[in-house]
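Assemble the complex: chain A is given as a structure, and chains B and C must be docked to it using the hints.
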Amino acid sequence: MKAIRATMRAAVTDAWANRSAFWTQLAAMALNDIVWILFWVLFFGKVGTVAGWDRTRVLLLLAMVTTGAGVVLGLLSNARRIGQLLVNGGLDAALALPVRTLPYLLVRRVDAVNLGDVAFGIGLFLVACHPTPERAALYVLGATAGALVLVGFLVLVGSLAFFTGRSEAGDLGFQAVILLASYPVDIFSGATKALLYTAIPAAFVSAVPARLVDHVTVGDLVALIGAAAVFVALAVGTFSIGIRRYTSNSLWTRA
Amino acid sequence: MTTARTWAPVAVRSAARRAARDPGGLAVSAAFYAIVASVLSTLWRTATHSHGGVIAGYTAVQLTWYFYFAEAAVTALNPRQIEITGDDIASGAVAVDMLRPASVVGMRIATEFGRCLPRLGVCTVIGSVLAWLISGAPPRPVALLLAVPALLLAVLCNLAAQHAVAGSAFWVRDARSAWFLYQKLVFLLGAMLIPIEALPLWLHRIAEVLPFVTMAYVPARLAAGHVEPQLLLLQLGWLAVLMVAAVTVFDAGERRLQVVGG
Amino acid sequence: MRDITFSVEPGERVAYIGPNGAGKSTSIKMLTGILHPTSGSATVLGRLPWRERRALTRQIGTLFGQRSQLWFELTPRETFRMLGAIYDIDGPRLRTRVGELGALLDADELFDEPVRSLSLGQRMRCELAACLLHEPSVLFLDEPTIGLDLLAKQRFRELLVRLNGERATTIFLTSHDVSDIEQVAERVIVINHGQVIYDDRVAAMRRELLATKVVEVALSAPVTLAPMQGVIVAAATSSALQLVVDTACRPVRDVLDALLGKADVTDITVTDPPLEQVIAEIYERPRT
Numbered sequence: 001m002k003a004i005r006a007t008m009r010a011a012v013t014d015a016w017a018n019r020s021a022f023w024t025q026l027a028a029m030a031l032n033d034i035v036w037i038l039f040w041v042l043f044f045g046k047v048g049t050v051a052g053w054d055r056t057r058v059l060l061l062l063a064m065v066t067t068g069a070g071v072v073l074g075l076l077s078n079a080r081r082i083g084q085l086l087v088n089g090g091l092d093a094a095l096a097l098p099v100r101t102l103p104y105l106l107v108r109r110v111d112a113v114n115l116g117d118v119a120f121g122i123g124l125f126l127v128a129c130h131p132t133p134e135r136a137a138l139y140v141l142g143a144t145a146g147a148l149v150l151v152g153f154l155v156l157v158g159s160l161a162f163f164t165g166r167s168e169a170g171d172l173g174f175q176a177v178i179l180l181a182s183y184p185v186d187i188f189s190g191a192t193k194a195l196l197y198t199a200i201p202a203a204f205v206s207a208v209p210a211r212l213v214d215h216v217t218v219g220d221l222v223a224l225i226g227a228a229a230v231f232v233a234l235a236v237g238t239f240s241i242g243i244r245r246y247t248s249n250s251l252w253t254r255a
Numbered sequence: 256m257t258t259a260r261t262w263a264p265v266a267v268r269s270a271a272r273r274a275a276r277d278p279g280g281l282a283v284s285a286a287f288y289a290i291v292a293s294v295l296s297t298l299w300r301t302a303t304h305s306h307g308g309v310i311a312g313y314t315a316v317q318l319t320w321y322f323y324f325a326e327a328a329v330t331a332l333n334p335r336q337i338e339i340t341g342d343d344i345a346s347g348a349v350a351v352d353m354l355r356p357a358s359v360v361g362m363r364i365a366t367e368f369g370r371c372l373p374r375l376g377v378c379t380v381i382g383s384v385l386a387w388l389i390s391g392a393p394p395r396p397v398a399l400l401l402a403v404p405a406l407l408l409a410v411l412c413n414l415a416a417q418h419a420v421a422g423s424a425f426w427v428r429d430a431r432s433a434w435f436l437y438q439k440l441v442f443l444l445g446a447m448l449i450p451i452e453a454l455p456l457w458l459h460r461i462a463e464v465l466p467f468v469t470m471a472y473v474p475a476r477l478a479a480g481h482v483e484p485q486l487l488l489l490q491l492g493w494l495a496v497l498m499v500a501a502v503t504v505f506d507a508g509e510r511r512l513q514v515v516g517g
Numbered sequence: 518m519r520d521i522t523f524s525v526e527p528g529e530r531v532a533y534i535g536p537n538g539a540g541k542s543t544s545i546k547m548l549t550g551i552l553h554p555t556s557g558s559a560t561v562l563g564r565l566p567w568r569e570r571r572a573l574t575r576q577i578g579t580l581f582g583q584r585s586q587l588w589f590e591l592t593p594r595e596t597f598r599m600l601g602a603i604y605d606i607d608g609p610r611l612r613t614r615v616g617e618l619g620a621l622l623d624a625d626e627l628f629d630e631p632v633r634s635l636s637l638g639q640r641m642r643c644e645l646a647a648c649l650l651h652e653p654s655v656l657f658l659d660e661p662t663i664g665l666d667l668l669a670k671q672r673f674r675e676l677l678v679r680l681n682g683e684r685a686t687t688i689f690l691t692s693h694d695v696s697d698i699e700q701v702a703e704r705v706i707v708i709n710h711g712q713v714i715y716d717d718r719v720a721a722m723r724r725e726l727l728a729t730k731v732v733e734v735a736l737s738a739p740v741t742l743a744p745m746q747g748v749i750v751a752a753a754t755s756s757a758l759q760l761v762v763d764t765a766c767r768p769v770r771d772v773l774d775a776l777l778g779k780a781d782v783t784d785i786t787v788t789d790p791p792l793e794q795v796i797a798e799i800y801e802r803p804r805t
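Protein chains in written order, with the working numbering: chain A, 1 to 255; chain B, 256 to 517; chain C, 518 to 805.
Only chain A is shown next, with the shape it has when bound in the complex (with noise of 0.2 angstroms):
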């Protein structure tokens, strides 16, 4: 725990030391974050309603997805990169401390773009998301909750590539879950939104969690914290037979 407190803090540090790319990469990400509520602006005045959403319920989605991603794409940004960095040896250099692999790759690294997702995140739920101390609660949560579903995704599609030997599919998982998880989950039907709800659980990174705010059931609070559950197991588990796999086989050396 201390090595991953120690870590992370040289992450954070090493972000943070180059000053003037750390702001203008923040701002370039909180810019790209506004257009898309422009998007949303625009299309609402001329649509009205989709599929029972409205203009605040789908800001209140902007809210939670960017706050949940920009935190984990932010701090644990090396969860993007779990197969990257099996296919090009950064690996190894993890082995080669006395740390636990995966909570030290981890947070190995931080990406200060993604802070300014954060920033957004609860600067637009302050904002247009009718803020009252229960509701930040429940925002604070769900994001929590939608952080730990999308970590746990992504190192689960990431360490797919222990056993494809490509860092394909978690690249593409990764661009997925997020576009997914950014629109209002009910405009899709049938076997899509079953999707998105399992298999790729965009629906547990925003809809979900924003719905709470808005409305707390058990039924979703339950749902919500069995989904983060369900896939942190799984991306530990996928991960730690993956670096089973990985050192006992020889894809990777070049003598």
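A few of these clues could be false.
Unchecked claim - Chain C stretches covered by chain A per the calculated footprint, using a threshold of three residues with CB under 8 angstroms from any CB of chain A: (1) 551 to 564; (2) 583 to 590; (3) 602 to 615.
Just so you know, the hints here were simulated from the structure itself, not pulled from any lab data.
All figures in this text were calculated on a predicted structure; none of them were measured in a lab.
For each residue, glycine too, the CB sits at the ideal point set by N, CA and C.
Same frame as chain A, now just chains B and C:
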């Protein structure tokens, strides 16, 4: 300088061939395209349910074809093209291009266009199949035929504009922030996320006079079944302007490079 | 990998070499716990590396020339602080240790500069400090001098020898640079085709394997020598001659006598064959 007529087709062909030989990369681009296009078309189609089936003059079927074609036009390009070009300029790698007896920017655009072609082809085919499965036949097949050259022109206009923007790296060290802004302008004003007819009137007017409409709106509108061949002329006009802009920026930049040093 | 068997005593300085594809990296990965073999065993400091990775990594140090332990934007001292937490070294002990290493490696003034502003040679000294923080008894180095200039390489090699002398740290080094082998190692293990094909003292390597000498003469006028058994003319111009002498069948003395008698010699050099040649010949030995 050897003329573009000699080297351009060769550059395009060889780049296309090389890109086509990367089935993994193509598959990933195609998968990503399918997801983005499907999400957007689903969003807009669902929106028509609460609007008597029509939004901004488009029916659900039309919107489906619209978005599959709009996305194909944009995802065919490497999303980080401005960044890459900017980096090449900032690092001086562009100097290598300057040693060849051909226009630097022309060569780059031709090569990049070649690389886009396999992606564009694959995405258009997949998009058409998906659109047909989801919403049925294309509203006006004639218009769809026009949409194909429109796609090619859309990609060229986009590339030319991106190179004009990236050329700022000759003066400003960092073109990275430019690509963020550029991409969003294409999304909003190029009608990749919203048909321009759905924009508030004042924004609609602005979008009409900017080049971004050539990059996604034109092929999308045609695919949605509107037989408006004059849109192709619009693209050609803008293409000429954007090419001149790109060449001017690069020429000035190269001259600066020669004076200031790499 | 076919059959690699060797053992290294504490305090030894061993060079582990072989052509590309011989299995060097694979062996090091097995010894450091990153890979485990399909059959066979290895113990490092009494532990099975792949089974006791975390325990072992507390006692060994690894320096891979192409991979940096130091964080680019941070100063080495800040990286040391993080490594201190990872290796569970308490504050005072860490401070003492960093001070010692600064003196030993002559790098004290570098520890507070951001790594990105250090030259490669300076960085490598700080890398060495990083992998010695936890006072490992064995140090594994993979191509540590790659990319360094001559002076920096020299310095680095001296540091390794000093480390071994003062702290009896066992040094296990792979390198393609022959001078690394000559100046750092006492013993060399050569592998090829997944097998050990040579394992002996560095001094013996030269002496035993190639009983040849290279004789170079500068001449003021061209000369042709009568062919002598055991002497090959490697190069001949109008003003210089290079001969390779198989001292097993022709003593160098004979060659020198012949040259000085017949030719107008302005300069003579007699040298051992370059170690590269020796090693290349070993690499070419057929599989047993």
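Q: Enumerate the violated hints, using their earlier numbering and listing them in ascending order.
A: none
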